[in-house]
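Number of protein chains: 4
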Amino acid sequence: MGKTEIRTIGKVSLDVKASDQPNVHNRWHPDIPFAGTIKDGETVKIECLDWTGGQIGNNDSAEDIRNVDLTKIHYLTGPFEVEGAQPGDLLLVEIMDVQPFQDQPWGFTGIFDRSNGGGFLDEIYPSAAKAIWDFEGIFCTSRHIPHVKFAGVIHPGILGCAPSAEVLETWNRREGELIAANKLERQVALPPEPTNVHAGAADADGKEKVGKEGARTVPGRPEHGGNCDIKNLSRGSKVYLPVHVPGAKFSVGDLHFSQGDGEISFCGAIEMAGVITINFKVIKNGVADLGLKSPIYIPGPVEPQFGPGRYIYFEGFSVDEHGKQHYMDVTVAYRQTTLRCIEYLRRYGYSDYQIYLLLSCAPIQGHVAGIVDIPNACTTLGLPMDIFDFDISPSGPAKALDMGSCAFETGVTEGKVTAGGKNSEHSFGGGVTYKGSVADKVKEAVSGS
Amino acid sequence: MGKTEIRTIGKVSLDVKASDQPNVHNRWHPDIPFAGTIKDGETVKIECLDWTGGQIGNNDSAEDIRNVDLTKIHYLTGPFEVEGAQPGDLLLVEIMDVQPFQDQPWGFTGIFDRSNGGGFLDEIYPSAAKAIWDFEGIFCTSRHIPHVKFAGVIHPGILGCAPSAEVLETWNRREGELIAANKLERQVALPPEPTNVHAGAADADGKEKVGKEGARTVPGRPEHGGNCDIKNLSRGSKVYLPVHVPGAKFSVGDLHFSQGDGEISFCGAIEMAGVITINFKVIKNGVADLGLKSPIYIPGPVEPQFGPGRYIYFEGFSVDEHGKQHYMDVTVAYRQTTLRCIEYLRRYGYSDYQIYLLLSCAPIQGHVAGIVDIPNACTTLGLPMDIFDFDISPSGPAKALDMGSCAFETGVTEGKVTAGGKNSEHSFGGGVTYKGSVADKVKEAVSGS
Amino acid sequence: MGKTEIRTIGKVSLDVKASDQPNVHNRWHPDIPFAGTIKDGETVKIECLDWTGGQIGNNDSAEDIRNVDLTKIHYLTGPFEVEGAQPGDLLLVEIMDVQPFQDQPWGFTGIFDRSNGGGFLDEIYPSAAKAIWDFEGIFCTSRHIPHVKFAGVIHPGILGCAPSAEVLETWNRREGELIAANKLERQVALPPEPTNVHAGAADADGKEKVGKEGARTVPGRPEHGGNCDIKNLSRGSKVYLPVHVPGAKFSVGDLHFSQGDGEISFCGAIEMAGVITINFKVIKNGVADLGLKSPIYIPGPVEPQFGPGRYIYFEGFSVDEHGKQHYMDVTVAYRQTTLRCIEYLRRYGYSDYQIYLLLSCAPIQGHVAGIVDIPNACTTLGLPMDIFDFDISPSGPAKALDMGSCAFETGVTEGKVTAGGKNSEHSFGGGVTYKGSVADKVKEAVSGS
Amino acid sequence: MGKTEIRTIGKVSLDVKASDQPNVHNRWHPDIPFAGTIKDGETVKIECLDWTGGQIGNNDSAEDIRNVDLTKIHYLTGPFEVEGAQPGDLLLVEIMDVQPFQDQPWGFTGIFDRSNGGGFLDEIYPSAAKAIWDFEGIFCTSRHIPHVKFAGVIHPGILGCAPSAEVLETWNRREGELIAANKLERQVALPPEPTNVHAGAADADGKEKVGKEGARTVPGRPEHGGNCDIKNLSRGSKVYLPVHVPGAKFSVGDLHFSQGDGEISFCGAIEMAGVITINFKVIKNGVADLGLKSPIYIPGPVEPQFGPGRYIYFEGFSVDEHGKQHYMDVTVAYRQTTLRCIEYLRRYGYSDYQIYLLLSCAPIQGHVAGIVDIPNACTTLGLPMDIFDFDISPSGPAKALDMGSCAFETGVTEGKVTAGGKNSEHSFGGGVTYKGSVADKVKEAVSGS
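Each protein sequence line maps, in turn, to chains D, U, R and X. Counting along the first sequence from 1, when you hit position 11 you're at 11 in full-length UniProt numbering, and nothing is skipped either side. Counting along the second sequence from 1, when you hit position 157 you're at 157 in full-length UniProt numbering, and nothing is skipped either side. Counting along the third sequence from 1, when you hit position 34 you're at 34 in full-length UniProt numbering, and nothing is skipped either side. Counting along the fourth sequence from 1, when you hit position 112 you're at 112 in full-length UniProt numbering, and nothing is skipped either side.
If we strip away everything but chain D, and leave its shape as in the complex, we get (with noise of 0.2 Å):
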């Protein structure tokens, strides 16, 4: 009597190539095989290598996020059959833990060269970049971001059943306008790939056809969630995920130690391989009567809490770096607000890749303040003044400390901010700093000119 270890299901290793693990897959497709069963009820846990497969490395260098391969990602754990599951219900998934593995105590937050992935302020800082974390228990430190600890929400990037082969027609039709319609000078939106495709156990037409079909996994989507990136939905969450095939087919990964709102560096929550612990639940017919087109969930009680006054707010408004004003621009405004949190932080030693870089993962709080005002939106991005073991509340000039650096790609070196009396004189260090002309702009850019 009594109950013994939860089961583990989808077990991974990270001493074997992602491409060659049969119970990861790394798009979304109705025909990737099932990778095991649970049952309606139980609860089991699921091991999930990092989103990259492994590509990253516990090192000084940011020269494999500089060459990081793209087609590759991202490797989810699944699919699963969850016995019952059918087309129109949901499938309840509870979050009962999130850990890392026990001796793989780290993770990564990277910045992605502009050219290979991007972020979300890639016009600024366009180099790769990259910070290493430790975890200990709940709390995580970086030798690349020094005098910051905090306590992780942890969570999966990712979770979601697999579409349906009509859903799957409709995301490609979708997207596939999107990129037919581009007229900017990047990706917009990411077609099928056959290039280093992964289909799980699949044989060989059945990994052909999920390299010409498959979904792939970057983007979350209405229809299932998937790459959400959600940070509260952590410990004790509850999601409710609607079921399209029979079986569900549920896969999970992109495990985050810790993100903030936007995971604004792309590759910008703490990385980790580990452990996921779930509970199944089927409710029939739940999407009907739950009227739901997207899925919903309720957040746990585990969040670290700091109380609402240990917050700085920044505010930032649809008018851009250059000047320039933009109509009702959410997006827009989110990239201001995280440019004032940047000069802000700037006057304590960080450069700005490391005020990039911890923004990524830390727990920011980023809100939607006022979108009907025309023609300014504004948003506004909470930084938790406890993270720091120094006082970064607002009370006069800023005393810099030494803030070391974080990794670059080769080539690169980043100056340092001259904090002090005049906050807002930035020197960009001797020799070589940014590549080629992006060092104007990055200049420009900062001074707000």
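Calculated directly from the structure, the hints in this document are not laboratory data. Check the hints yourself; a few may be wrong.
[Stated by the list, open to error] Derived Cβ-Cβ restraints for the label pairs, each shown as a range:
#	chain 1	residue 1	chain 2	residue 2	range
1	R	180	X	187	25 to 35 Å
2	U	143	X	149	31 to 41 Å
3	D	395	U	16	35 to 45 Å
4	R	59	U	204	50 to 60 Å
5	X	115	R	173	31 to 41 Å
6	X	246	R	323	41 to 51 Å
7	X	395	D	395	24 to 34 Å
A virtual CB, placed ideally from N, CA and C, is assigned to each residue, including glycine.
Starting from the known structure of chain D, arrange chains U, R and X on it as the hints suggest.
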């Protein structure tokens, strides 16, 4: 010995036309004369009209909302001289309290007609509507949205210091360029507007100048804050405002008994007249010392707290209601998120307009989630379960209650949803519903086709 | 149409002697006449005197505290008839708001002289002392305890329904037995006291009867609540009160701007006159249906929130200051816990009396920890760090600041602690300090010898 | 490069008798040999047995609880040398995490038989009983107390540094005097006990000395902390512990998955074996610098948060269940408060023993309210509503559910309450219930007569 009543400055009257009152004004301009003087370190009470200056009545018709004169808004109290404040300083504004007038314990939430103001969802909900809220201490209820009661996050929608002539010129140029380039079928910004300008105690020449040059109070702006509509800027908050002119010329108004993140229906907070108690401190050279380009704030300790697990979070993505994929558009995503919540609550018998009003003014949390996963931005909206007096937790088909109706403009009535078995079925009553061809648009939109 | 000002019932005057006002009374008795009638479901405002009825002044002497006449207390407003309430029902009392009078924005915290009232630590701190607090909106500060500012958990110390004749008889018998058996050198309970009895609008006969039989208002009592001094019974709380007589005869008073758990100095809250807004509902047969023998309550959502990590928790055990081991005595343990906090804060330059006052009235958390581990009960006291304007976190020797002095009774001055190098050294000034032989007792006690 | 697994120190085995394991001990004594060495600044994992050393099984009988051998408890892991720690220093212990063993995901809550251990309510509930709890991530449930699920406030019940010889002598003298003076019919303290003493790696002489002089681990003590049973000393907490001997000799144990304030049934937490991750720092001269006589702590940021309005608070006073008035007795008041909660929950079909178990281990809040209003102390107990899967809010007669039964000692079964119409009627099943004459006592007590 002993403290006596706190000094009131900037008195207003609810019985006199707003435009006849010297302590209020409705444009931002450096030449509007001081309405009084406040000492550095002093705490004062400041009286405020509601933002429309009394155009909206406590009744059961939205005809006044339909016909609101937007050239008159917002009536702010001020500008006040803060002794010693100079350009480059920060004005530290601590909000000690906000209260409605004791003999006016009510407020209103409006949905503007699409042709006169509009709002975040005006393509779907184009008609004018209104809810009146009764205040009893910290709580409010509405005869127009039954089965709901909540504690307000009471706050001023607008506060800020006057722009300098240079800043004002920047605003007018910047917004003028947007207007000039506009190709949308709607107003994108509001240029200076002499009609109904009110320049406080200015003489005729001054008034004329303010009418010609004065910036509209509608948008918040990065240089000074203004109409930020940040709901958490409530009792106990400290706001750090850049000073642009000698004496600061601080103004405040647009008091809200409560508001949801986004204030989505534009007239979306619970708008009220009342009194705000503020402590003022000047931080010399604060703009440079703190590295600020826009205001920052620290929330107070008495926000209503429901507990993280007492919210239902809805998820939305940048795929619009017509199935079109947008590129990383947070605005589109947040609109979808609100629609998901409307669809959920509609099952309980509320009309869509009632929910639209409710989401505008109740303490909902609007979060940026993932904004780097091309092409889909993801936002979330947290709806507190405990503002309802019935159980809205996700647990099966909803039972529709008799929810009465919000107030509408003449000639418009709203059909009722038939909840129960088929949650997505929407019948729009008999005879007249929504105006003309819009009805079809609504049906189409809300059914997601 | 439209709501107007909320009805005020039970008006009081600060300019008329409390004993001459028909809406107040200072004993619990079923025969005190109704002071007004409230409808089932109605919300009303009720005005309240401070608990002493105005005996304490806004000045810098504690002579009034020293000489307070305790036969007069507490002056409660009521009793009110609630229509339809009958014995066996519950009165659901929802506290919509509590406010000081606008023209009296101040309150007081007192330490009673040991020989006239005393308090939790009166063996160690026997003299009368006082702090005056100024209110500005939600915040308070005191010239007698500098470097402290906090938001009040504003609440009524006393509310309850009148006892029936039977309940009253039980009280008098029960407490009379305790008095009869008393062998301590101090008063253990207060029998009915005709001196200074005030029976509201009762005629002479009624007043005489109330004087002879009426229960003192000092203790809370299980059957009806009364003087519970529960700090969290603040804005938004719902209290369920047993009804013992037809019409309920509800009374309320002893308003507190703030209080710490325990209200340790007896006159320990920030005592004030003011207005409480209450909604009343009758729950028929509620006492039996809910299985209640004593009141229960549900706190409101707007308590000041500091975040769990912003408290320093002190631990105390049932070993007294003389080194004597007590058996599982939570009272002894909590006294030790408060002494530990006094010793900690003393290092910053506060006098022990200032800290004793502060712990009485600031929002400190007093918790039962372990109470089963013989022989030591353990309690904890949580001190919020953010009520101080300097850093009190545990990080090395403290730097003493100039903390001025609280008000004392005539002839008593308090020496200052010499903080800095030797934190446990305590010098009690020159000449006269504490009265006579007590000084030695104090020295002995605080040094823990 | 890169962090690898955190070092585990003080390993234990669940398959070897506790008394045979050199890393554990069950008395406080300065001569117990070091079980390992920790660097100043180091983070380590420490394994712990459950406090009984494995005496209690995962089964449906409380016979093991009935017969628990209390001379053996508590088995603590340690003592550890912390490099550099000297008497007068503080040991700053930061709890990075606490986890059950992965292959032992369960714990137990026990009520001791009155004749062997007893507990806070043993005069009313004298029989042994037990509940087994299953862990799934942050949550626990029990087959013995259905319809309940909650996130644990996981913590160590015991941590502290070894006493010096002088401190130990003080303890023995102080508690010896209490024992000598005892006139109660129950044990009031536990003197040194050679039977079943376990002195870790001590040799025979050392063990004999420890048996003769070693302090029992049952009570917390002011000089070092020890068995404080403070529920909020959970993940992320920082505890400041006085050091009394060179190297500190730190020990830890008695891990709790969860506990309510008071831990009222003595074996009242959810007792478990597991692993605690701790960071150690030495604060030189900290005892004097911080003015500490007892430990202090700062809670971590991840306590379960329900929101203030999600608790029902029960009130209790120092009038005991026989109607006797006690003088300012917080212990009596808290006992009454727990009884009020039992009476309330009983209506839903739970037996009193089930509730007694639940209040011991669930995250209930026990507060000191008013402790100066003679003769009645008032305490409150906050019961979180959201740990139940049905609605327990106060809203009319309760509907009793089938609540099964907790485990009992042989020969004892518990009758069921008949809830519904008559909430105060209590029928104790048929045949044998509670042992002998106690049954009447129980009936009498719970009916309050």
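Comparing the hints with the structure gives:
1. R:180 / X:187: 25 to 35 Å: holds, 31 Å
2. U:143 / X:149: 31 to 41 Å: Given a distance of about 39 Å, which is inside 31 to 41 Å, the answer is holds.
3. D:395 / U:16: 35 to 45 Å: With a Cβ separation near 42 Å, residue 395 of chain D and residue 16 of chain U satisfy 35 to 45 Å, so the hint holds.
4. R:59 / U:204: 50 to 60 Å: holds, 53 Å
5. X:115 / R:173: 31 to 41 Å: holds, 35 Å
6. X:246 / R:323: 41 to 51 Å: At 25 Å between Cβs, range violated.
7. X:395 / D:395: 24 to 34 Å: Since residue 395 of chain X and residue 395 of chain D have Cβ atoms about 49 Å apart, the given range 24 to 34 Å is violated.
Of the hints listed earlier, those the structure fails to meet are numbers 6 and 7, in rising order.
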